[in-house]
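Visitor: The primary structure of each chain is shown beneath.
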Amino acid sequence: MKLIKAIVKPFKLDDVKDALAEVGVAGLTVTEVKGFGRQKGHTEIYRGSEYTVDFLPKTMIETVVDDDTVEQAVAAIVKAAKTGKIGDGKVFVLPIESAIRIRTEETDGEAL
Amino acid sequence: MKLIKAIVKPFKLDDVKDALAEVGVAGLTVTEVKGFGRQKGHTEIYRGSEYTVDFLPKTMIETVVDDDTVEQAVAAIVKAAKTGKIGDGKVFVLPIESAIRIRTEETDGEAL
Amino acid sequence: MKLIKAIVKPFKLDDVKDALAEVGVAGLTVTEVKGFGRQKGHTEIYRGSEYTVDFLPKTMIETVVDDDTVEQAVAAIVKAAKTGKIGDGKVFVLPIESAIRIRTEETDGEAL
Amino acid sequence: MIKKSLYLCAFLAATCLPEMLIAQDSTQAEVAAVALETAAEATTALDSGNTAWMLTATVLVLFMTLPGLALFYGGLVRSRNVLSVLMHCFAIACLASVLWIAILYTMAFATGTSGWLGGFEHIGLKGINIDSMAGDFPETIFIMFQMTFAIITPGLIVGAFVERMKFSAILLFTALWLVLVYAPVTYWVWGGGWLFENGVIDLAGGIVVHATAGISALLLAKMLGPRDGFPNKLHVPHHPAMVMIGASMLWVGWFGFNAGSQLAANGNAGMTMLVTHISAAVASLTWMCLEWRINGKPGLVGIVTGMVAGLATITPASGNVGPLGAVCLGFLAGVVCYFACGIVKNKLKIDDSLDVFAVHGVGGIMGTILVAVFGTAVFGGTGVDDMVQQLSIQVKAVGAVVLWSIIATFVIVMICKFTTGLRVTEEVENTGLDQSEHGETAYQFE
Amino acid sequence: MIKKSLYLCAFLAATCLPEMLIAQDSTQAEVAAVALETAAEATTALDSGNTAWMLTATVLVLFMTLPGLALFYGGLVRSRNVLSVLMHCFAIACLASVLWIAILYTMAFATGTSGWLGGFEHIGLKGINIDSMAGDFPETIFIMFQMTFAIITPGLIVGAFVERMKFSAILLFTALWLVLVYAPVTYWVWGGGWLFENGVIDLAGGIVVHATAGISALLLAKMLGPRDGFPNKLHVPHHPAMVMIGASMLWVGWFGFNAGSQLAANGNAGMTMLVTHISAAVASLTWMCLEWRINGKPGLVGIVTGMVAGLATITPASGNVGPLGAVCLGFLAGVVCYFACGIVKNKLKIDDSLDVFAVHGVGGIMGTILVAVFGTAVFGGTGVDDMVQQLSIQVKAVGAVVLWSIIATFVIVMICKFTTGLRVTEEVENTGLDQSEHGETAYQFE
Amino acid sequence: MIKKSLYLCAFLAATCLPEMLIAQDSTQAEVAAVALETAAEATTALDSGNTAWMLTATVLVLFMTLPGLALFYGGLVRSRNVLSVLMHCFAIACLASVLWIAILYTMAFATGTSGWLGGFEHIGLKGINIDSMAGDFPETIFIMFQMTFAIITPGLIVGAFVERMKFSAILLFTALWLVLVYAPVTYWVWGGGWLFENGVIDLAGGIVVHATAGISALLLAKMLGPRDGFPNKLHVPHHPAMVMIGASMLWVGWFGFNAGSQLAANGNAGMTMLVTHISAAVASLTWMCLEWRINGKPGLVGIVTGMVAGLATITPASGNVGPLGAVCLGFLAGVVCYFACGIVKNKLKIDDSLDVFAVHGVGGIMGTILVAVFGTAVFGGTGVDDMVQQLSIQVKAVGAVVLWSIIATFVIVMICKFTTGLRVTEEVENTGLDQSEHGETAYQFE
Ligand SMILES: Nc1ncnc2c1ncn2[C@@H]1O[C@H](COP(=O)(O)OP(=O)(O)O)[C@@H](O)[C@H]1O
Ligand SMILES: Nc1ncnc2c1ncn2[C@@H]1O[C@H](COP(=O)(O)OP(=O)(O)O)[C@@H](O)[C@H]1O
Ligand SMILES: Nc1ncnc2c1ncn2[C@@H]1O[C@H](COP(=O)(O)OP(=O)(O)O)[C@@H](O)[C@H]1O
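So the protein sequences, as listed, match chains A, B, C, D, E and F. Using this note's numbering, the letters of the first sequence map in sequence onto residues -12 to 99. Using this note's numbering, the letters of the second sequence map in sequence onto residues -12 to 99. Using this note's numbering, the letters of the third sequence map in sequence onto residues -12 to 99. Using this note's numbering, the letters of the fourth sequence map in sequence onto residues 9 to 454. Using this note's numbering, the letters of the fifth sequence map in sequence onto residues 9 to 454. Using this note's numbering, the letters of the sixth sequence map in sequence onto residues 9 to 454.
No lab work stands behind these hints: they were computed from the structure. Watch out, some of these pointers could steer you wrong.
[Unchecked claim] The calculated lysine-lysine pairs, modelled on DSSO-like cross-linking and capped at a C-alpha distance of 27 Å, are:
(1) F:Lys404 with F:Lys241
(2) F:Lys241 with A:Lys27
(3) D:Lys404 with B:Lys72
[Claimed, not checked] Some residues of chain E that are not near chain B, with every Cβ distance over 12 Å (derived):
(4) Pro239
(5) Ile414
(6) Thr439
Glycine is no exception: its CB is placed at the ideal position from the N, C-alpha and C atoms.
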């Protein structure tokens, strides 16, 4: 099992969710985050003074998938989230050692 | 050391925290997240139109524990967070390579 | 590649970001979290009644770096985030199996 | 629901009978203070200045509830229940408005045949037209002005049952309470009823508004039971700024409430405005200093609570005290209500969640009684010649109203219990009323 | 931009010519209802009470837009667009104010040479001074009072184009719309023009405000196209509490709107206030009950929408109906506007995003027509003697104004399309207008 | 603390002596503009219309501070300091109220023995009763109306010291500032003092309110030092919608401020309302256009700041200019204050955090001086016959008041420094004042 951690542009969330559903991933957890990277922040100007806003709003999608679904899932995310413009984000894959569904105490593959 | 990542129903946060304290886990980090899974979202109806709310509010609890505490900690979380109803959430366990406490620069086991 | 997960005091975010930039880490993702640890929460008193606030606002910084940058990056974070007072936070290091930049589909080292 | 409440009315009427016979002695109010001649009798010419002020005052008092009180309360609850609180206040306002024109106004202000209840000649506003006068301004405005009081009074009770009471129960409770408590007590005190006859002083509702709401709130909270987590694991107010916004609106609106109750733009209204303001300011500072001293930190929720306490306390007295009396009442409001909050929670162990009783009930009752003291010339007041006699009238009035509020509220709550049910399920309480009862989410910041 | 709009004026003037000749027959308004003698002619003495009320009413109506309407609308959109909505309302208010004194006031209220457009004698407020009177209060206040109507009317249209229209287009649209639709229609109905001559009833703007804004909003929404995701993937209102705050301000401000339109603090104002309130309360409860029944849950956004529907509906009728008529109108407002919302979205498939047409347009038109019914003595109303005749006048008036609004709005939208452009790019829409168009972020809670 | 301030009073009194002797020549104001006869002298009958308007105006001005100004400022700071700003405004309002009745009112408005300070006959409101009149309305209302000015003026200064000043220092500063700056200057200009004698024009407080607050704010900000991160690493306003809500309340309330200062509901009040509104609208649009041009994007915070600048600028002039003058003043307000913001930050490098000086100070001073120009008949104004002479009076008045504000503020800040201390610790600043100073958290959205 792997944890896929994708950081994408906020308005792509629905597309990514749908794309994941299509490859059979039906569980995910979403966090509103702020990102800093090549895409530079912006300045907001109030009363003639500039304020630098370094961080941009991003959405982090975390989903745990079976080993053999990882590739498809990552591909699905990349496809759905891509705009081709800077700031599209990243996908990271981390190892998971175990998983458990709280309601049923099923573990690992069954827990997803 | 392991990172336990538990996604639970928001109102269970206090119970989980207390349960973890009981098995000696006294440090944790909490994020408000939105979850998508078997438990379906809901519709909100405004002025006669339906709006689908796919994501449900969930709480993500992350805690790093020693290898030999993992099992108890997971069990404690599961017990405290369970309502038996759909949407109770998951617990994932990830490997951690190192830890450091910023204040003292203690590392690994001592850092927790 | 590793994922560095640092939980720090919120007002240290800018310092940490600058410190990371100095060691060449220019991508990171930030989440507002609530922390529970040795630093105890506080009580707020409204109309003569005490309300315990167990959780303190913290900022979680996640950054994925090359294996050979990890040490410097962790050191930079620790240095920048330290106040020496309780509640300074932790740094955890997790293994990453793969990374991909959505925009270009570059992978691993290139994706960062 | 309607059948049941009618039944109750009958029951209560029967209960009241003996008392009514006793009260029969008291002659009818010769000239009702709130001079309500029907159009036929109206002789006073319309005064456009007073009319302008009463229009404005009416707007101000409505503003106190919508959105003032709603925000004051809404900011104090958890974020998952804030919409429900706003909904309670809003729906109660609408319901009270409709009941007011249907039946409450006539029960409260039409000339009655005994000292216990007004007549029914104006049922459904029968007989009211553009030319009807209330003194030197149109009766329609008097109806509206008084309606805003009937709106805010059950609104105040919301603070007692937030985060756990069923919406249907709230509506039923409100309707019955307005009919059984608010309308009769208004008649007794303002409409020419027996307390009015006795010469009770209550300019703007220490008895009619704050005592009734405060006592009923306490009893309702007790019967409803506490919120999950009471008293030690409750959550902090989710939005103190919202509390402050609401409180500020209450402050400015309260000038309509108190100075408007003089029913004219004159020197009395001016003095009422002045003493009202002074009491609010002094009570705020008093509460702030107490918090600073006791908790180490002066808080925003605290200072604005002090303000509300100061306003509730001066309300009945604001037509009789002078600046000195206002300073004293404000100070007492700050001190007494501050400690009352703790007592209700820690000694009585009642989850009167937003301190309706401790702030409004205690304040209103205190002001009602103390007007007998601070309304004397010694304290720069006017209208109280014989302090002791007035004191006894005031105490009697408070006693009677408190007693009646308790009896009626008890009955009403029992009715709700066995019809709509009182509380939401534990699951609903956990999820929050916004989502579960109203299908909405308060903050969707993406 | 200015050149273009002048050109348009000329074009429209030419178009109107034939109609104007026909209308020539109608004699000049002998005594304009809104009695605007210039200072020279003024003979009525100033009444300080009426003046006080008109000052207050003006403040109340401005408060309806700033911040009332802005919040009512702002809470309904996504959090990434809330500032843009507030900005629209604010900028429109400023722009309307400047245009009002420059040219709109004279177009709407100066004595014209035909029934179609007011004169130009007060261009740039020429000839107005401290002593100018409008009846028994200063004309300056009349100018201000009417200005607040010219502010809120284009403000209402904002609800049709939120989350996607270019800011520059909004400004241009508003300017042209005020000149081509608002000012003429105001003259027709209130300023002594042909509909006024015909005896149309519209106390506070069922036609002038709600019908014009509602129809234009619908057409604009259609021409602009829907938001991304319409109709099935839209996002829920981001802040229902903000909606309720705004709605409450609309409610209290509406007393200035309706009762202020009586231009005096008298019995008419009182009755207008009363029926206005009743309609709002009844419509709110009606809407709430419908939602409860149909969706299973009574929501906050719903109840306050009902309130607005009730207020829009009573507006034209509030000078003529009695309490019973108000109850009926409120009930109809709740039912009809409720279903109208669904029809616009699901049947017409127009993204009139915040239901400007379904709530304001439908309500205003309904009230305008039904005043002929409920204004009769049978329903306790006043001023309508011959129901059938009045009905025909009302329908004619609505028809003419709707027609003109459609024509003019179509032309204006085309102008905007070819000058400023109408819509933001898809990327801007995705990012949100706050950031992209105004460079700001609404909520920075760290 | 009290001892110290008394000592300071004595010191200042001594300092003033020489000047006082010089001023002795000027005869007592024969008939104070703000005609304050004590009850004994009152002969004018009460006018209910004017009374109604003054009651309303008082409510409006209080509303400007609570919650208007508080929100305007609160939205501009970081989310961790918003409650502290609301607390500052609220506590200052209460403190100013109490001081006003205790001592400030008599210092400002009782007949003094020199042109420098009012008498002490009304200390603690001694001698004021229900029958006391101020012209044709009750003196109690005049006291309240003026009190709301004493509330908002130190409230304005809050913008200079947000996010870093100790709460105790704020209270001490406010108390001393009201006694040493506000009350005397009010007497000079409005209470019959030497500037009043000289014929200075300042209808509603360009000098008394905006110049004093603006200058003192600038000096205080300088002495206090900048916030951590100034000027390049500051944080954006956390809640522009809150800023806009507050600004809107300021706008509507400002009609009470300016038109209320005419102390009657008459043609003067009407014209004042009109020009006030025009200036606000023009300044808003001007600021918006400048931002659009210079930054590429018109922002919400910008347009509402323009509005405040427009209102501050017209304030002193609003009794004398006509619509044309208002357009000019509005335009100048937009341009000059816009650039003043940048100058204070970038040239003077003073962290006058919310631009109190650049907006209020500069605006108020500009309006005070330019009333001599735009108040002439040439620009459609009234009351200024000799422009040059009036100009010299206005400049002299501004000069004297600015000088005195600087001296007194300097002394007061030094006093605070050595008693309460001025600034919170760095740790407190980092954590935020809400938590550290007031023990509360602003937003708990779970
Ligand atoms: N090394 C990293 N570790 C964690 N998150 C990162 C890293 N680099 C970028 N990110 C996240 O990805 C987002 C997009 O990255 P950015 O460099 O701006 O654009 P792109 O992905 O198109 O190259 C950032 O805002 C940040 O949230
Ligand atoms: N594969 C997954 N990866 C990450 N988070 C998941 C995954 N599946 C579920 N979750 C999280 O767990 C929550 C509960 O899951 P759900 O399937 O609704 O109910 P249950 O856990 O009872 O089967 C979801 O809302 C989501 O936040
Ligand atoms: N075992 C843990 N797992 C995850 N997060 C932790 C853990 N221990 C502490 N934290 C996080 O680090 C923060 C600081 O820890 P704390 O024990 O209060 O102080 P210190 O790091 O100075 O010892 C906590 O608020 C929490 O967010």
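Visitor: For each hint, tell me whether it holds in the structure or not.
Guide: Status of each hint after checking the structure:
1. F:Lys404 with F:Lys241: violated, 40 Å
2. F:Lys241 with A:Lys27: The given pair, whose Cα atoms are some 16 Å apart, holds under the 27 Å limit.
3. D:Lys404 with B:Lys72: Between Lys404 (chain D) and Lys72 (chain B) the Cα gap is close to 56 Å, so the pair fails against 27 Å, i.e. violated.
4. Pro239: violated, 7 Å
5. Ile414: Consistent with the label, Ile414 (chain E) stays out of reach of chain B, its closest Cβ about 24 Å off (over 12 Å).
6. Thr439: holds, 20 Å
The structure shown violates the earlier hints numbered 1, 3 and 4.
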